[in-house]
Amino acid sequence: MGEQRQATFSVWRGDHQTGKFVDYKTTVSEGMVVLDAIHQIQAESASDLACRWNCKAGKCGSCSAEINGKPRLMCMTRLDILDMTQPVTVEPMRSFPSIRDLVTDVSWNFRVKKRIKPFKPRKPDAEDGTWRMYQADVERVQEFRKCIECFLCQDVCHVLREHHKHDEFAGPRHFVYQAALEMHPLDVEERLGQVKGENAIGYCNITKCCTKVCPEHIAITDNAIIPLKERVNDEFYDPITKLFRIFRARPKAERKD
Amino acid sequence: MSNADFHLPQRGLGSTARRDRWWVQPLTVFCVLSGFIVYATWAALQGKHYFAHANGEHYLSPFYSPLLYGAEHEPYWIAQGVPKWWPSFLPFSPAMLILIGPGLMRFTCYYYRGAYYKAFWADPLSCAVGEPRKGYRGENSFPLIMQNVHRYVFYPAAAFVMVLLYDGYKALWFTDAEGTHFGVGVGSIVLIMNALLLGGYTFGCHCARHQIGGFLNSLAKRPIRSKCYACVNALNKRHMYWAWVSLVWVALTDLYVRLLSMGYITDFRIIF
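Going down the list, the protein sequences come from chains F and U. So in the numbering used here, spot 207 of the first sequence is number 207, and the numbers just go up one at a time. So in the numbering used here, spot 257 of the second sequence is number 257, and the numbers just go up one at a time.
Since the hints were made in silico from the structure, they are not lab data. Think of the CB as a built atom: it goes at the ideal place given N, C-alpha and C, for glycine as much as any other residue. Mixed in with the good hints there might be a few duds.
To be verified - Label-pair distances were calculated between CB atoms; the ranges are:
1) Lys221/U - Arg111/F: 36 to 42 angstroms
2) Lys221/U - Asp105/F: 44 to 50 angstroms
3) Ile189/U - Asp83/F: 41 to 47 angstroms
4) Tyr134/F - Asp176/U: 56 to 62 angstroms
5) Gly193/F - Lys221/U: 25 to 31 angstroms
6) Pro132/U - Asp83/F: 26 to 32 angstroms
7) Val24/U - Gly193/F: 37 to 43 angstroms
8) Asp83/F - Val38/U: 33 to 39 angstroms
9) Arg111/F - Gln46/U: 58 to 64 angstroms
10) Trp121/U - Asp83/F: 28 to 34 angstroms
Let's have the full structure, built from the sequences with the hints guiding it.
Right, dumping it as structure tokens:
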């Protein structure tokens, strides 16, 4: 074990009504992450500190929080990247209602996701009910499948965080999900109307904050949101593309292929 | 979509727990873009010193290319002097006729939009930092829904790159009393670099990526389109860098031609 030293963590304590930062001192050592420190604080001085976590490997997306004001996974934030000479602030995600301490109620995300049109494959390519597709074609959507649903992108998105458009806007996570479905080589569902209308992709003003906080390094803005905006543009705003479509008059399923 | 049954507190302007210097990036964008706009407007309004030719070179400032209307010794495209339809009470500069093309390309570019919404409109000021306004319409309604015009301004911008490449080619030829000779001057390199950087920016744009193949779900059976998509995608990954480098370089190119034409600097060159 490396050098041990005292550090202060300023942790948000409270529920959805009120709360405040409380300072906790604990001993930290080389290789520790913020979640280790929170567990240590729970063991030493705050056994009632609420914190959601599961895998401690950056794959379950449970321990999302804001560390020194930046949305991060606690389990993937090493202490050696933080300035330990000052108290490290740890607070819950601010785009969702707090349940208690570091735990937020993220169920809004699941309600939004349920309303998204699901995957609808074309008719099977073979008589045995299977499909044929090229690896090159699914590679594009495989990036989106890396999402661990930590909702850090939702947390940092200013449309939700500052403007509270939860009733009108689906947020980056759900555009990644819709991009994965919409760009899938087998999918034939018509969901651009939903992307534009119910999920209001137009609210995104491409500030790329979602991309910056993604722990899976998904290029959310460049590879999911902007291509979806372009497809919405094809379908609803671009008269020349629409004109070409009238002349080509091919069914949607065929166009997507 | 009434999925939210909760109320979140409103935060004030600049409210954040971030400790890093989050204001550096929007401030830098504000300063560089403002500086460019001021310089480009000044240069466009000058209407002179945009073509360096005194010592046999043919260097045309990119702010004035294509030169639709120009003086007798200049490589104009349409006619000499001022267009007949130009209102007499307005000052005329050839740059006024063309700068709208590249200007709109940058204004509606997906990268610049995100950057200037932050730097000039504080929407948001920076990621996870409080904003000045409660109301928000984004690009969901007028006026910002008009940003969708980006795909239409891409095509003229691509044509501009071709014209600038031609200017770069012309900059490789030098005229003296004995005729025209091939050569390479600092100005030739500056002009060719300018066209290449603007090409890297323009052809790596998100609209180009969509038009070349992004709109399709399957490219595997289309080898040529697939290769083109891969190339545009490779440029697109560094779109931000292309955007800034090409912006600064185009201003420096104009400055170089301007100073050369005014006689303040000498163009070093090798003529074969």
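Going through the hints against the structure:
One distance hint, 36 to 42 angstroms for the beta-carbon pair Lys221/U and Arg111/F, holds here, with the actual separation near 39 angstroms. Range check, Lys221/U to Asp105/F: Cβ separation about 47 angstroms, and the 44 to 50 angstroms hint holds. At about 45 angstroms, the CB distance of Ile189/U to Asp83/F agrees with the hint of 41 to 47 angstroms. At about 59 angstroms, the beta-carbon gap between Tyr134/F and Asp176/U stays in the expected band of 56 to 62 angstroms.
For the hinted restraint 25 to 31 angstroms between Gly193/F and Lys221/U, the CB-CB distance of approximately 28 angstroms keeps it satisfied. In this structure the hint that Pro132/U and Asp83/F lie 26 to 32 angstroms apart at CB holds, the actual value being about 28 angstroms. As the Cβ distance of Val24/U to Gly193/F is approximately 41 angstroms, the hint placing it in 37 to 43 angstroms holds. Hint check: Asp83/F to Val38/U, Cβ distance near 38 angstroms, so the stated range 33 to 39 angstroms holds.
Evaluation of the 58 to 64 angstroms hint for Arg111/F and Gln46/U yields a pass: the beta carbon distance comes to about 59 angstroms. Evaluation of the 28 to 34 angstroms hint for Trp121/U and Asp83/F yields a pass: the beta carbon distance comes to about 31 angstroms.
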